[in-house]
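I would like the entire structure built from these sequences, with the hints used as guidance.
There are 4 protein chains.
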Amino acid sequence: MSNLIHRNSDGVFIIAATPFDESGAIDFDSADKMVDFYLETGVSGLTILGIMGEAPKMAGDEAESFARHVIKRVNGRVPVVVGVSAAGLDNMARLSAASMDAGAGGVMVAPQPGMITEAKLKSYMAQVCEAVGETPICFQDYPQTTGVQVSVETIIGLTVDHPQIVMLKHEDWPGLTKLSRVRAETDTGDVPRMSILTGNSALFLAQEMQRGADGAMTGFAYPEMLVQVVARHQAGDVDGAEDLFDAYLPMVRYEQQLGLGLAIRKEVLRRRGVIASSKVRAPGPAMNARDMEELTRLMSRLDKRLKELS
Amino acid sequence: MSNLIHRNSDGVFIIAATPFDESGAIDFDSADKMVDFYLETGVSGLTILGIMGEAPKMAGDEAESFARHVIKRVNGRVPVVVGVSAAGLDNMARLSAASMDAGAGGVMVAPQPGMITEAKLKSYMAQVCEAVGETPICFQDYPQTTGVQVSVETIIGLTVDHPQIVMLKHEDWPGLTKLSRVRAETDTGDVPRMSILTGNSALFLAQEMQRGADGAMTGFAYPEMLVQVVARHQAGDVDGAEDLFDAYLPMVRYEQQLGLGLAIRKEVLRRRGVIASSKVRAPGPAMNARDMEELTRLMSRLDKRLKELS
Amino acid sequence: MSNLIHRNSDGVFIIAATPFDESGAIDFDSADKMVDFYLETGVSGLTILGIMGEAPKMAGDEAESFARHVIKRVNGRVPVVVGVSAAGLDNMARLSAASMDAGAGGVMVAPQPGMITEAKLKSYMAQVCEAVGETPICFQDYPQTTGVQVSVETIIGLTVDHPQIVMLKHEDWPGLTKLSRVRAETDTGDVPRMSILTGNSALFLAQEMQRGADGAMTGFAYPEMLVQVVARHQAGDVDGAEDLFDAYLPMVRYEQQLGLGLAIRKEVLRRRGVIASSKVRAPGPAMNARDMEELTRLMSRLDKRLKELS
Amino acid sequence: MSNLIHRNSDGVFIIAATPFDESGAIDFDSADKMVDFYLETGVSGLTILGIMGEAPKMAGDEAESFARHVIKRVNGRVPVVVGVSAAGLDNMARLSAASMDAGAGGVMVAPQPGMITEAKLKSYMAQVCEAVGETPICFQDYPQTTGVQVSVETIIGLTVDHPQIVMLKHEDWPGLTKLSRVRAETDTGDVPRMSILTGNSALFLAQEMQRGADGAMTGFAYPEMLVQVVARHQAGDVDGAEDLFDAYLPMVRYEQQLGLGLAIRKEVLRRRGVIASSKVRAPGPAMNARDMEELTRLMSRLDKRLKELS
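Chains as they are written, first to last, in our numbering: chain A, 1 to 310; chain B, 1 to 310; chain C, 1 to 310; chain D, 1 to 310.
These are computed hints drawn from the structure, not numbers from a lab.
Hints are not guaranteed to be accurate.
Given that identical chains are not distinguished, each listed pair holds provided it fits within a single copy or across any two copies.
EDC-like cross-link-like pairs, simulated, lysine to aspartate or glutamate; straight-line CA separation at most 16 Å [unchecked claim]:
no., residue 1, residue 2
1, K122, E153
2, K304, D239
3, K178, E294
4, K304, D243
5, K307, D243
6, K120, E153
7, K122, D161
8, K72, D32
9, K178, E153
10, K72, D29
As C-alpha cells, then:
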C-alpha cells in the first residue's frame with residue numbers, strides 16, 4: 001500500500017519540530033521518541049522541515065539526514081511530508097529527490113517571496129513541479145510569512161494545471177471564507193478534489209472543520225487534541241469537537257505567538273518528556289523566566305480544565 | 001476635576017466604533033446609545049477615531065463633528081481619547097485642537113509608516129508633541145499596522161523626553177515580554193510611570209494584567225468582560241479574572257480577525273441592540289451568510305458557557 | 001472641445017507640486033506661476049494632488065480649493081488630472097465630483113494598500129468606478145508605494161471591464177517588459193487601446209518611448225526636457241531624443257531619490273523662479289547644506305553639458 | 001603581508017558573479033577568467049557570494065568550493081570578501097571558517113529580516129561576531145532587501161562595540177546624508193575609522209566619493225569605470241571623475257534594475273568575453289529578445305560616448 005499523500009488525505013499531519021541537543025546538533029534519539037509520541041497520539045501523517053521547523057538554519061546534508069532518519073523510524077505507518085521550500089530550485093529538487101527515495105509521502109512547497117502576481121506564481125509553481133518530478137505536493141498558502149497573496153482562483157488553477165498538487169496547507173489569515181470557497185469550488189465540474197489541512201496554529205480549527213477542512217497540519221504540542229477534535233468532527237459530534245477545542249484554546253492561543261511559538265512548543269514537548277532539550281538554533285527565540293512561569297500556569301490550568309470536562 | 005488621561009490611568013478604555021446608517025452617514029443616535037451602553041458596562045474611558053474606527057475614511061469635518069458629539073454625550077463622566085494619527089501634522093493639529101477644545105481627555109498617536117529608525121521616530125514624535133501643544137498623548141505601538149518597530153528603550157526615551165506622553169497603547173505582537181519590560185523599566189530612577197493599556201483585541205488580556213498592565217484599550221464587543229477581568233484582577237482574584245477571560249476567549253479570538261474583525265464587532269453591537277446598523281464604509285470588510293451563521297453559533301455557545309460559569 | 005483624457009492622450013502630463021508658503025499655507029500666487037511655467041514648456045496636461053503632491057497632508061477642503069484654482073488657471077488649455085486616491089470611497093467620490101465640476105480632465109487612482117490579490121483589486125476598482133461616476137480614470141500602477149502588484153493580465157482586464165479606465169500611469173519597477181506587453185496586448189482584438197504615460201521619475205524615459213509609451217507623467221523639475229524628448233521621439237529622432245535625455249540623466253537620477261526627491265524638485269523649481277518657497281509640509285524631507293551644494297554642482301554641470309550639446 | 005580587509009581599505013571591491021554553465025553547474029573555467037579580468041581592471045578586492053551572487057541558490061558545499069577556488073586563483077593579490085549571510089548562525093560560521101582557512105580577507109554580513117529594532121540588531125550582530133570568531137566583517141546596510149533599517153547611531157555603535165566590524169557596505173536608499181554622517185561621525189573621539197564602500201549599483205558613485213566614500217563595492221560589468229572614477233577622485237580630479245561616471249550612467253542605470261540587473265550583468269560579462277554563459281539559476285530573471293536589443297543599443301551608445309570623451 002502506498003503512503004503518498006493524495007486528494008483525500010485527512011486527519012492530522014503534525015508539523016514536527018527538529019530536536020537539537022544543547023550543543024545545537026540534531027538529537028536523533030529525541031527524534032525517535034518524538035516520532036513514537038506523535039504516532040501514539042493517532043496522527044495521520046508527519047510534516048518535517050517546515051518553515052517553523054528550523055529547516056533554513058540547517059545545512060543541506062543535515063536536512064537530508066534528518067529526513068531519512070524520520071522516514072525510517074516512521075517506517076511506512078503514515079505518510080511523511082517533507083518541506084522543501086528553498087530559494088533555488090536545484091536545492092529544492094535535491095532534497096525532494098532524497099526524501100522521496102527514502103520513502104517520503106510528498107513534499108510541501110511555499111512560494112518564494114517575490115512571486116507576487118498570480119502570473120509569476122503560476123510560472124514559479126510550474127517550474128517547481130518540473131523540478132520535483134512526479135512527487136505529490138502540498139501547497140502551503142502562508143502569506144503572512146511569504147508575502148505572497150494567493151487568490152482562490154489561483155489555488156484552483158494550480159491544482160487543475162498540476163495534478164500532483166493534491167493538498168492545500170491553508171494558513172492565510174483571516175482565511176475562513178477562503179477555506180469555504182476552496183472547498184465549494186473544488187470537487188466540482190472539471191476541478192478535482194483537494195485535501196485541505198489547516199495551519200495557523202489551529203487557532204480556528206473547530207470553525208475550519210465546520211467549513212469543510214479535512215484536518216489539520218500544524219505543530220500544536222498537544223497533538224492528541226487535534227486528533228480528537230478532527231475525529232469527533234468526522235463522527236458527527238460537532239459540539240463535542242468544539243467543546244474540547246475550546247478547552248485547549250488558551251494554550252493554542254499561547255503557542256500561536258509568531259517566532260516565540262517555536263520555543264514554547266519545544267519547551268512543552270520537553271516538559272512532556274518527548275524531547276530532551278528545548279534548544280532552538282541561533283538566531284532564535286528564547287523563553288525567559290517569566291515566560292516559563294506563565295507556561296507553567298497555563299499548563300496547569302489546562303490540566304484542571306480537562307479534568308472538569310471529563 | 002480634570003478628565004485628562006494621565007500616568008496612572010487604568011481600567012478599560014473602550015475603542016468605540018463609528019456607527020453609520022445604511023447610506024453611510026454618521027448615525028448620531030446610535031452614537032448616543034453606544035456611549036450610554038459603554039458607560040453602563042463600567043468603562044473608564046472611551047477612545048474614538050482609532051485606526052480601526054474608520055477615521056481614515058471620514059472627511060476631516062466629519063471626524064471633528066463626531067468627536068464633539070461623543071464628548072458632549074459623555075459629558076465628563078470619563079475621559080475621551082481621540083485618535084488623531086494622520087499623514088500630515090497640520091491635519092493632526094487641527095483635529096487635536098478641536099477635540100481638546102470640546103473637552104477630550106487626550107489624543108492617541110501612532111507613528112506614520114516610514115518612521116523606521118528610532119532616530120526618525122524620536123524626531124517625528126517631537127514634531128507631534130509640538131503640533132498638539134500640551135495635550136496628553138497615548139502612544140500607540142502597533143507595528144503590525146504601521147510597520148514601525150519600537151524598542152522598549154525608545155518607548156522609555158519618548159516618555160522621558162516628552163512629559164505629555166503619559167500612556168502606552170501596547171499592541172506589539174508578540175509582545176508579552178515587551179510589556180513586562182516597560183512596566184519594570186518605568187516608575188524607577190528618572191523614568192516616570194506610564195499608563196499601559198493593552199490592545200491586540202485583548203487576546204492576552206489575562207496574561208497582560210498578570211504582567212502589570214493597567215487595563216485594556218480595545219474594542220471587544222462585550223466590554224463588560226474587559227471591565228470585570230480588569231476589576232477582578234485589581235481585586236486580587238487572578239484566577240477568577242482568567243477564568244472569566246477564558247470563557248470569552250473563543251469570541252475574543254473570533255473578533256480578532258484582521259480587517260474582518262471590524263465587521264464582526266459592528267454586527268455583535270447591532271445584535272446586542274447598541275447600534276442600528278453594522279454598516280462599514282467602503283472599501284471595507286463584510287460578513288457573508290456563512291460568517292453570520294458562525295457568529296450566531298459562537299454567540300450562543302458563549303451564552304451557554306457563561307451560564308455554566310455562573 | 002472636450003479636455004477629458006482619453007485612450008490616445010499623449011505627450012507630457014507634468015506632475016505638479018503643491019506650492020506652500022513658509023507658514024505651510026497653500027501659495028496660490030506660486031501655483032499660478034507654476035501653471036504658467038508648465039504650459040510654456042509645452043506640456044500636454046497637468047496632474048495635481050498625486051501621491052508625491054502632498055495630498056495626504058492637506059485637508060479635504062484645501063485639496064478641493066487647490067484643484068479648483070489650478071483648473072481655473074489652466075482654463076481649458078490642457079487637461080488637468082486630479083489624484084483622488086483615498087482610504088475611503090466617500091472622500092474619493094467627493095474630491096472627484098468637485099474636480100470634474102470645476103472642469104478637470106479626469107482623475108488618477110492608485111489602489112489602496114491591501115488590494116493584494118487580483119480578485120480584490122478588480123472588485124476594488126469596480127467600486128471606484130461606481131464611486132466616481134463617468135469620470136475618465138488614469139490607473140496608477142505603483143507597487144513600490146502601494147504594495148499592490150498588478151499583472152499585465154489584470155491591467156488589461158480593468159481597461160476592458162471599465163471603459164472609463166483609459167490611461168495607465170506606468171511606474172512598476174523594473175517595468176520595461178511590462179510596458180512592452182501592455183502596449184502589445186492592447187489595441188488588438190477586443191482589447192481597446194490604452195494611453196500609457198510613464199512615471200518612475202522618468203529614469204527610463206528614452207527606453208520607454210522606444211517601447212511604445214505615449215509620453216510621461218512625472219514631476220521632473222525641467223519639464224522642457226520631457227517635452228522635447230517625447231517630441232523628438234514622435235518626430236522619429238530616436239537617437240536625438242536619447243542624447244538629450246542622457247544629458248539630463250544625472251539630474252533625473254538625483255531627483256529620483258524616494259522621499260527626498262520632492263524636496264529637491266521644489267528647490268529646483270524655486271531656484272528656477274517658478275515657486276516662491278520650497279516648503280514641504282511636515283513630516284517631510286528637507287535638504288541640508290550639503291545637499292544644497294550638491295544640487296548647485298549638479299545644476300551647473302547640467303548647464304555646461306547642455307551648452308556642449310547645442 | 002596580510003590581505004585582510006581593514007578600516008582603511010579603499011578602492012573597488014567588485015561584487016563577483018557566480019558563473020554557471022548552461023546546465024546550471026558552477027563553471028570554474030569562467031570563474032578563473034572572471035578573476036583575471038577583474039584583477040586586470042585594477043580592482044582592490046573581490047566580494048563573492050553576495051546577496052546578488054546567487055548564493056542562496058547554491059548548496060552549502062558548492063558555496064565553499066566556489067569560495068576556495070576563487071581565493072586560490074586570486075592567490076593573495078587582493079583581499080577576497082565572502083558573503084556569509086544566512087538564516088542560521090551555524091551555516092554562517094561554517095562558510096566563514098572554511099573561507100578564512102582558505103585565505104579570505106573577511107566576510108560580509110547583512111542582517112537577517114526580522115532584526116527590526118536596533119536592540120535586536122545589536123544583539124544579532126554580537127551573536128554573528130561570536131560565530132565567525134576574529135574574522136574581519138563588512139557590514140552590509142541594505143534595507144531595501146533585508147527590511148532592516150539601521151540608523152547612523154547603530155552603525156557607529158556596532159563598529160565601536162565590535163572592533164572586527166571594519167567596513168560598511170553602504171546601500172541604504174536614499175542614503176547620501178547617511179554616508180556623510182557615518183564619515184563625519186567616525187574617526188573622531190572614541191569612534192574608530194570605518195572603511196565605507198558604496199553599493200546600490202553605483203548609481204551615485206561620483207556623489208558618494210565627494211561625500212567621503214573610500215570606494216565602491218558593487219558589481220557593475222564595466223569595473224574599469226569604477227576603478228578609474230575612484231582613482232581620479234583620489235588624485236583630486238573630482239570633475240574628471242564625475243565626467244567619466246556620467247558617460248557610463250545610462251548603463252549604470254540600466255544594470256541597476258532590481259532582479260533583472262543580475263541577468264543584464266551576466267550578459268554584459270558574456271558579451272565582453274569574461275564568462276561563457278549568462279545562465280542564472282532558477283528561479284531567476286531572464287532577458288527577452290527586446291531586452292537584448294536594448295542592451296545592444298546601450299552598449300553601442302556607450303562605446304560612442306567613450307570615443308567622444310577620449
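Status of each hint after checking the structure:
1. K122 with E153: both (11 Å within a copy, 13 Å between copies)
2. K304 with D239: Between copies, since 12 Å is at most 16 Å while 21 Å is not.
3. K178 with E294: Cα proximity of K178 and E294: across copies only (15 Å, versus 34 Å in one copy).
4. K304 with D243: The answer is both: 15 Å in one copy and 11 Å across copies each meet 16 Å.
5. K307 with D243: both (13 Å within a copy, 15 Å between copies)
6. K120 with E153: both (14 Å within a copy, 11 Å between copies)
7. K122 with D161: within (9 Å within a copy, 23 Å between copies)
8. K72 with D32: within (10 Å within a copy, 43 Å between copies)
9. K178 with E153: Within one copy only: 10 Å inside a chain, 22 Å across chains, cut-off 16 Å.
10. K72 with D29: Only inside one copy: K72 and D29 sit 13 Å apart there, 41 Å across copies, limit 16 Å.
Violated hints: none; the structure is consistent with every hint.
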